[in-house]
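As given, the protein sequences belong to chains A and B, one line each in that order. The first sequence begins at 1 in the numbering used here and counts up one residue at a time. The second sequence begins at 1 in the numbering used here and counts up one residue at a time.
Source of the hints: derived by calculation from the structure; they are not laboratory data. Hints are supplied without guarantee of correctness; some may be wrong.
What the hints assert, rightly or not - Quick look at which bits of chain B chain A covers, simulated, 3 or more residues with Cβ under 8 Å:
#, stretch
1, 91-105
2, 112-120
3, 171-184
Quick caveat, the model's predicted, so the values are computed rather than measured. A virtual CB, placed ideally from N, CA and C, is assigned to each residue, including glycine.
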Amino acid sequence: MVLTSRERGAVRLLHVDAAARAAGLQPGLGLADARASCPQIDAREADTEADAMLLAALCDWVQRYTPLAGIHGDLEQNINKPNSEPPEYALVLDITGCAHLFDGEEGLASDLAHRLERQGFTLRIGIASTIGAAYARARYGRGGLIGRGEERDALVGLPLAALRLDAQTVDGLARTGLKRIGDIIDAPRAPLTARFGPMPFVRLDQALGRAGESFSPRLPVAPFRAERRFFEPVIRQEDIRTVAMSLLRHLAQALEEAGSGALRLCLSLFRVDGAVRHVEAGLSWPSREAEAMHDILCRRLDALDGDIDAGFGFDCIAIAIVEVVRRDAESLSLDGHDPVQELSRFVDRVGARIGQGRITCLMPQASHIPERAAVLIPMQASPADPVAWPQDTRESGDPPERPVRLLTRPEPIETMASVPDGPPIRFRWRRMDHAVRRAEGPERIAAEWWQAEGPTRDYFRVEDSEGRRFWMFREGLYGRETLHPHWYMHGLFA
Amino acid sequence: MLRQTIHRLEGGGGVGQADAWSTVPFGHAGADRATGGIACGALHDVVPAGAPDLAAATGFALSMAARLLGTRPTGRRPLWLWIRQDMARREAGEPYGPGLAGLGLDPAGLVSVLATDTEDVLRAAEEGLKARVFAAVLIEPWGNDKALDLTATRRLALIAGETGATGLLLRSGGMEMPGSVATRWCIRAAPSRTPAGGHPGAPVYDAELTRNRRGMTGRWSMEWNCDDRRFEPASADQGRALSRRLAAGPGDRAAPPARQETGAVIAFR
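Please model the complete structure; the sequences and the hints are all you need to start from.
Here you go:
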């Protein structure tokens, strides 16, 4: 089986499996040539997006070993690469301080290999003190552990491509007779740098640990994290909740010691077959009470009910506190009647169920276009201080000038008016006829000149014979902007 | 007499815990006499008489909320909650800040929740009544959903009774149905009294009290005074009497007794 990609009109092999390789096929070969030499191949088009998603899922999964896990090489190396070269992806795990939980590096590696092979992956693991050395070992060596200080010996025999250099540089170096890392490891640097740029030696130094290298983990590292593994996978919701509660108790204690409060939580469920599900929940008021955090998390789970497929169960459950703020003891007052705290608790509890974005407050805007004069913005994005609404210009004793409800979009109405620019005497809205008894207007509202869009509107406050009060407008100035102005219903008065 | 007995009996039944909470007068003499004012720590039903009366019912519920907000101890800005269902938003529109301000409500104090279905509306309403920060909780599910049964309203009423919060159940797109509510108001739009100039005046509601746990039912024409934030009688003769009085000037004759009772002074230009 081979995977193909299209490049400048030609279909070329991108990846070949072991059987195809044994038949003499190589990546980069044209599909037609491949078929000629080996007619029974199963060629499929490569789906790079699906690859990337799988890799991301895998990267989430290895979080069971370390929170610092990233995808190596997806940016710098593969973007500029011609399609014919297979993208070289690798997962990088920083296992510093994690290995002893699995009986050392070897134990961790065998556990990882065992679990991934069971899922059907073929993998090679390299472990070393530097990313470069581990990468070289995994991709070009036979895998396994390179001890501290052994990098040099381990690398000398490997091809230069193991230094993560682009193909052009490797080719160039090969033409000058430099093929293995050993060939350049003690070579004079200046001439090579002049010809091939700094990369070969930068990569070499990084691999040998002479220069630092950083990588960015896929998910931000949580300041607090607790997890539990199971020999027997858990399936039932109640069990997940119980585990979450006990994890949160641990975290609450850690938060207390650090003097912090949690703002955002992430519950990660590791399914037996490798899928990882993250459930995030936010708090608008920093908390370090296990019960409060549990409550929000459970509401989130309730809302997702049915969306989480437990499959054959979860064998690891972790909770990370993704965002914290410093919180002093006095701001933690728990008398329960602090209005700010009560409000944020309400927002959290309801928001966890229906979504934070659905809890909104009104914000005045500097616009005289009615629908822009006030907007609903999410509660969480609202400023802490009360907003000053523009002073009511209405004189005392006058009825309200604006409706209490504004239709989400103006609805066209059929009208009959006695004079073209006067109020209607009858109108029909939502299949009901209304006879106008009283009307006031027009209140002329023109489009904002810098927007230069839309005709002028003439608004009328209208009361029908039954006493229902409406806010409607005629779009376009009669005779100047249009000869057949349309009428719209825009709001409802109390 | 009998009603009082029943009331006492009901009072022992659990929901009556609501009696521990205060009441807020409507300002309208007739309505206050019948209900004793808007009972806090209880649930009140506001039902539009027909689909086109939804705006009037909204106005009546908002006016009740404004009464409740007005009585909160000053200091922090009072908050009020409006929980709406998506359908209500599509059919009746969004709350409009300038209009709410015009009615006498503080738009800055509004917390709005938009829920997709009746269950979520009820759940949010429970949280809202429990939260002890909202002076009024306006609950607006859409239609006569079966989730909105006696059990659901009783649940809300019990929570309100415990926390002292007041729930206003605005039955948009729905009809009267049994529920565990302290009062039920059936609202129709009513022609406004015309100030000089013939344009529409202050909101007037034709309010029919169809259920009242504390006493009689009744039907009144109630005008909302946006400046003093109170309900006032709005029958035609009242309007005439008032005009006459202003035209005649002060001290000319005694004010009608009803006016003394409500203590209102309406300024006219």
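Going through the hints against the structure:
1. 91-105: Contact hint for the stretch 91-105 of chain B vs chain A: holds, 12 residues under 8 Å.
2. 112-120: holds (count 6)
3. 171-184: violated (count 0)
In summary, the structure is inconsistent with hint 3 from the numbered list given earlier, while agreeing with all the others.
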